[in-house]
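Student: Protein sequence lines correspond, in order, to chains Z and S.
Note that our numbering has the first sequence beginning at 1, numbered continuously upward.
Note that our numbering has the second sequence beginning at 1, numbered continuously upward.
It should be emphasised that the hints constitute simulated quantities derived from the structure, not laboratory data.
Quantities reported herein were computed from a predicted structural model and do not represent experimental measurements.
Some hints here could point you the wrong way.
If you want the footprint, here are the derived chain S segments under chain Z, 3+ residues with CB under 8 Å [what the hints assert, rightly or not]:
| no. | region |
| --- | --- |
| 1 | 186-194 |
| 2 | 325-333 |
| 3 | 365-371 |
Cut-off 30 Å, straight-line C-alpha distance, at most; resulting in silico cross-link-like pairs (DSSO-like, lysine-lysine) [said to hold, decoys possible]:
| no. | chain 1 | residue 1 | chain 2 | residue 2 |
| --- | --- | --- | --- | --- |
| 4 | Z | K317 | S | K31 |
| 5 | Z | K225 | Z | K317 |
| 6 | S | K117 | Z | K317 |
| 7 | S | K117 | Z | K6 |
| 8 | S | K263 | Z | K31 |
| 9 | S | K263 | Z | K263 |
Computed footprint of chain S on chain Z, listed as stretches where at least three residues anywhere in the stretch have a Cβ under 8 Å from a Cβ of chain S [said to hold, decoys possible]:
| no. | region |
| --- | --- |
| 10 | 285-298 |
| 11 | 345-353 |
All C-beta atoms, glycine included, are put in the ideal place defined by N, C-alpha and C.
Chain residues, written in single-letter form:
2 protein chains.
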Amino acid sequence: MNTPIKNTALIGFGTVGQGFYHYLVENNEDKQLSEIVIKDASKNRIPENLNFTNDVQKVLNNKEINTIIELINNDQEAYKIVKEALQKGRKVVSANKKMIAYHLEELVALEQQFGGKFLYEGAVAGSIPIIKIINEHYAFDEIKQMRGILNGTSNYILTQVFEKGISYEEALFQAQEAGFAEVDSTADVGGFDALYKLLILSAHAFGKFILPEKVLNIGIENISKSDIEFAQNNRLKIKLVASAIKQNNKLVLYVLPTFVDEKNELFNVNNEYNTVEIVSNNIGSQTYIGKGAGKLPTGHVVYNDYSSLDSNKYIYKNVSSGKKLRHETNEFIWIYSNKITLVENFLEEIQLINGAKGYGKIKIKDLIKNKQLINVNKISIITLTESELNRFITDYRVDNKLLEYA
Amino acid sequence: MNTPIKNTALIGFGTVGQGFYHYLVENNEDKQLSEIVIKDASKNRIPENLNFTNDVQKVLNNKEINTIIELINNDQEAYKIVKEALQKGRKVVSANKKMIAYHLEELVALEQQFGGKFLYEGAVAGSIPIIKIINEHYAFDEIKQMRGILNGTSNYILTQVFEKGISYEEALFQAQEAGFAEVDSTADVGGFDALYKLLILSAHAFGKFILPEKVLNIGIENISKSDIEFAQNNRLKIKLVASAIKQNNKLVLYVLPTFVDEKNELFNVNNEYNTVEIVSNNIGSQTYIGKGAGKLPTGHVVYNDYSSLDSNKYIYKNVSSGKKLRHETNEFIWIYSNKITLVENFLEEIQLINGAKGYGKIKIKDLIKNKQLINVNKISIITLTESELNRFITDYRVDNKLLEYA
């Protein structure tokens, strides 16, 4: 009989940690689990026969443990753990998007320097294997644009608000109950979570590591009832969309609430579903849709990472060309707002709709600069993708004033 | 200086073959190409500096050539080539869906017996890496349902007919001009091409090899102008959909024109785009959308196969459980027809709409049995997915007769 090889430690036993454990058991690999590290080891835990500990350092120092599955919420704690594990040449799986967005460049260097392994498919777009797809399917292709719905909580809230007419607060509560909203919802509804994921994808797609502070993110928290009514009257939905567009040597990135109409592929991506649309040189447009959150969907991809630690390796093939790319915030985008006059100093081609509603174009950097003003005054900002913008402009330019079409 | 290693032969230099060659050149690997086998080697070919030959046997006998890229149209010829190459332990890439659908079980056995390699991502869903995804992303998951738009030509024709109001014939001609309709359109518009692809996916998803003759396929060729008007009046589109549903130990398969409404994810998949939707135990529903045909999209995945011949291997992990699965044709499906009375002997719960139009439920095996009757009389058969059926039934049961809602 073989002695079970206890070479893996699971750090964190929340929603995703328990999902990962579910698959370990299902595939008879729970014997490989040496320790589960949790904050409070005195709490009663199920299953009781597992080794629970709160001593991370003991686990990191244990040379028998060559594989670390890091699934805790605290990004700074996660950073210390992953960094030390990689410095010790361990194989590491993580799903902590904030930590990865902030430290990816350093962690990849440590992976290479010390011969460990670092996989993190679970950090982006839940059950969609999008990092693997970018690495392998686009290995010989050039990605020009990506856009996606990357935050399941925001999308769940927007779907419920639009389809069931319930309040924002009620929808948020439901998302938390269902287990796919984070403990603290700020990162979700403020567009930070989507931003972290966009930046991780950009590292793979464009070879560019960019810190979150440099990039525009506006979440759904300022969207008002009147914005939703306006959208519905115009047969539009609002989605929180993360975008990356490469134009020659410029890379334009942002996370913004976005009007989409029924012809838009994002229109029917609802609830906790995520989607990523990639436009590339060789194969044109390709779209991936799947559950973006939840114990089993996210646990599944973490388990997939775990199972492929020996065969899979991210390649970061675009890093050399990425050095020539400039992150550009000097571009105009079109926005609608329910309080357009409060940002009118920064707008061009401003057009009023009715009341305080209006739209115009604004530089990305001016939105970044005015984020505090926007949040303090609860100014909604919703961008228009090309087809929706054309519809606005065509309809409104005819008689040179805006009409709310019913 | 290294001597170029001329170890690869390309057999077939049509649309996809030229697409593959494009990527070889782009990646400076055209030096690895020893021969290009074509039917008529005397034709003037560009580029002129390549070795064109019509002697397949010479290529297969050449021990220096360890890699065969088979991209010809003739499925019987392709079968002979691939079979012999695998018997000689060669690495083989093919995109011939008909040949693979008919011979996959044998070819996989030869791959294993003689230690060669057999990859064929380009055979299914063009640029979508769906075989790789089923093999890797679902390696620890159980697929319960798949459905998809798998034939780009039919989808292009239906899109043009619905959106531009042009005739079926004109749309078919355009698809051929654009290079994504096959030379002979029967396989496309008769639903055979979609069927071959469905069966290849079923081998991977369910471990079941089923011959095309055993499975129901009805194409778009009998869809009349009045069907299109009926759909448009009811805010529906018609899509050619391939479906596989696993229920306990039964597997239900068919390719049928299908009504979809605007809430259906298939509704906005247009022109030469393909889509595959997979429902699995662990991660729920996941959808992949991309170009299903064309020189560069399909050439891209063939090149990807070529580049991963040493690292990639299909696993067919479900073959043992697939032995317990029964291909079931004894199930009812709901169909609409413009000449419903011509098949009324086989229908249950038949309801007339107006004129000869109506709908009812029918056993799959009765549709298979009556394919000749259906084609001779140009009877349109369009199935209803669950939500569309509910809408039909709910609306029509109220006053127990069918109304064409405007």
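Student: All the hints need checking, so say for each whether the structure fits it.
Tutor: Status of each hint after checking the structure:
Proximity of the region 186-194 of chain S to chain Z, defined as three or more residues with a beta carbon under 8 Å from a beta carbon of that chain, is not established by the 0 residues found. Counting residues of the region 325-333 of chain S whose CB lies closer than 8 Å to any CB of chain Z gives 0, which falls below the minimum of 3, so the coverage claim is violated. With 0 residues having a beta carbon nearer than 8 Å to a beta carbon of chain Z, the region 365-371 of chain S misses the requirement of three or more and the stated coverage is violated. Taking the CA atoms of Z:K317 and S:K31, the gap is near 23 Å; set against the 30 Å cutoff, the hint holds.
With a CA separation close to 45 Å, the supplied pair Z:K225 and Z:K317 exceeds the 30 Å bound. Of the supplied pair hints, the one linking S:K117 and Z:K317 holds, its CA atoms being roughly 26 Å apart against a limit of 30 Å. With a CA separation close to 35 Å, the supplied pair S:K117 and Z:K6 exceeds the 30 Å bound. Restraint check: the Cα-Cα separation between S:K263 and Z:K31 comes to about 45 Å, which exceeds 30 Å; the hinted pair is violated.
Between the alpha carbons of S:K263 and Z:K263 the distance comes to roughly 11 Å, so the proposed pair stays at or under 30 Å and holds. Against chain S, the region 285-298 of chain Z contributes 9 residues with a C-beta closer than 8 Å to a partner C-beta. That satisfies the three-residue criterion, and the hint holds. For the region 345-353 of chain Z, the stated coverage by chain S is not satisfied: 0 residues place a CB nearer than 8 Å to a CB of that chain, which falls below the threshold of 3.
Hint check: violations occur at hints 1, 2, 3, 5, 7, 8, 11; the rest are consistent with the structure.
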